[in-house]
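Heads up: the protein sequence lines correspond to chains U and Z, in order. To convert, note that position 45 of the first sequence is 306 in the numbering used here; the numbers rise steadily by one, no gaps. To convert, note that position 266 of the second sequence is 941 in the numbering used here; the numbers rise steadily by one, no gaps.
Hints in this document: simulated from the structure, not taken from any laboratory. Here the structure is a predicted model, which means the values were calculated and not measured. Incorrect hints may appear among the rest.
To be verified - The list that follows gives simulated cross-link-like pairs (lysine-lysine, DSSO-like), each with its CA atoms no further than 30 Å apart:
1. U:Lys-271 - Z:Lys-770
2. U:Lys-363 - Z:Lys-882
3. Z:Lys-809 - U:Lys-425
4. U:Lys-363 - Z:Lys-880
5. Z:Lys-679 - Z:Lys-882
Said to hold, decoys possible - A few chain Z residues that don't get close to chain U, going by computed Cβ distances all over 12 Å:
6. Leu-704
7. Phe-723
8. Arg-744
9. Ser-775
10. Arg-822
11. Val-884
12. Asp-895
All residues carry an ideal CB built from backbone N, CA and C; glycine is no exception.
As a plain string of letters, each chain reads:
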Amino acid sequence: MSTRRTASFKWLVPFVYIVFLMLPIYWLLNMSFKTTNEILGTFSLFPQEFTLENYRAIFTDPTWYNGYINSLIYVCINTLISVTVALPAAYAFSRYRFLGDKHLFFWLLTNRMAPAAVFALPFFQLYSAMNLFDTHIAVALAHCLFNIPLAVWILEGFMSGVPKELDETAYIDGYPFWKFFTKIFLPTIAAGIGVAAFFCFMFSWVELLLAKTLTSVDAKPIAAVMTRTASSSGYELGLLAAAGTLTMVPGAIVIFFVRNYIAKGFALGRV
Amino acid sequence: MSAKTTNQRAWLLVAPVVVLVAFNAIIPLMTVVNYSVQETFGDNLFFFEGMKWFEEVLSSERFHASLLRQLQFTFIILAIEVPLGVAIALAMPRKGFWASVCLVLMAMPLLIPWNVVGAMWNIFALPDIGLLGKTLNAMGFDYNFTRQPFSAWATLIAMDVWHWTSLVVLLAYAGLSSIPDAYYQAARIDGASAWAVFRYIQLPKLKHVLTIAVLLRFMDSFNIYTEPFVLTGGGPGNSTTLLSLDLVKIALGQFDLGPAAAMSLIYFLIILLFSWIFYTLMTRGEAK
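Chain U with its partners taken away, still in its complex shape (with noise of 0.2 Å):
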């Protein structure tokens, strides 16, 4: 009995949870549909004066809307190097035991807990050094220092769910390594290159301090557009309002894609 009565009152749980989460969104979301005068004078749950003044000065100014191209160029070309270059290194320390692979693996994993504050400064003369400064290349590659080991580290736990007798029969049936390794170990894995992708794409997405370090106006991202925006006009809050509740679009339309490969789960074990 007692096990049924839980159970019907377990949705609160994340019900709640997302109320809470929704709250600050729903407040963003509200401010970005006011003018910077109702905002500062009035409060209130609603737009008074419901307008679309905000959106507007943002999709005809090309510093706004290039800031959240510039964001998806350095993040995409990011997420594909990331999950690329990490797939056959998770595949090595899954299946294989090497001269330094603990170590390695370790040092990987360092990358991903250096401050970003470090090395700031130091990113910024190495890429300018190498004539890179101001380009999403330079970016993309900056952001790999923390989501290679971290696509290295999600992939390597989804690989390690399949059973290495997968890869046996495959050898024994007379496979090569690079034919066996695409046509029947990534789909096997398709899960865990979604759920790394994923998570490249999110980490290089929210990333703002080498971003803007890196970049001056050719590859500035939306991030750091908006900080310019709150300095230099004063404070501006319907139309940082506005930028904001953008910056949330393109996260939200991954997730979309990607909730069926976290919701199939990691339910390798089966395969």
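Based on the hints, put chain Z in the right spot on chain U.
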């Protein structure tokens, strides 16, 4: 666990990763090491100073204070986020439409750029125009995070819980999904209690993902910069000046490259040490 084969050619598979990461890690790190042992008066003139900056940083009260604040912050958010995340993952629907809805909504905060998170919480918590600040004050609490250190701390922690608990939920949920239904059926036949199911079926399966969750949350909370910078700017006073905020103040605010570099290295070594301890403790059972 089946034994791994020894194969030195596996290095070829790892090589691209090593090259890319080493390029990004070793050259900048050497630059920092270089600064940390030198004094500069501008004009690209540097003088060797040996361990001077390290001694200075390690004995400075300012560093001790921000390190202590940092440790407090990290400890508090780990103590809240990990159990909360596991509890939410356990209570979530296991599959179907509602599971997808939960996952999509919960992942939202993770994909918001960090300065937007800070700005969002700023306007959410401001006592004059924010929903949270206004509501708390209307309920009779004296709440103003720009003036009171305690309110600032509470807001900072609420923001981090809001921002990152979902990461733990996602990882824990993924771990739980990997448990075959047969295990639960067997437990039901044996008449196992909910606690026994958690302790002997769910927790062991969660171990690997929880290792990832704890380590990620530890590293990221220790490196946190943008969100508190936008939310409180380290204030009021220095009450929320965490390590990285202090570091950037010294490096870019005062342009003391030597002490800043020395502090960076000490900072990095602390994270390394803790992570290594966590990593060894949590993977001890697996490595035999």
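Hint check results:
1. U:Lys-271 - Z:Lys-770: holds, 14 Å
2. U:Lys-363 - Z:Lys-882: holds, 19 Å
3. Z:Lys-809 - U:Lys-425: Not OK: Lys-809 of chain Z and Lys-425 of chain U at ~58 Å, beyond 30 Å, violated.
4. U:Lys-363 - Z:Lys-880: holds, 23 Å
5. Z:Lys-679 - Z:Lys-882: holds, 21 Å
6. Leu-704: violated, 8 Å
7. Phe-723: Holds, because the least Cβ-Cβ distance between Phe-723 of chain Z and chain U comes to about 19 Å, which exceeds 12 Å.
8. Arg-744: holds, 15 Å
9. Ser-775: It is violated; Ser-775 of chain Z is separated from chain U by about 5 Å at its closest Cβ, not greater than 12 Å.
10. Arg-822: Holds: least Cβ distance 19 Å, greater than 12 Å.
11. Val-884: violated, 8 Å
12. Asp-895: violated, 9 Å
In summary, the numbered hints that this structure violates are 3, 6, 9, 11 and 12.
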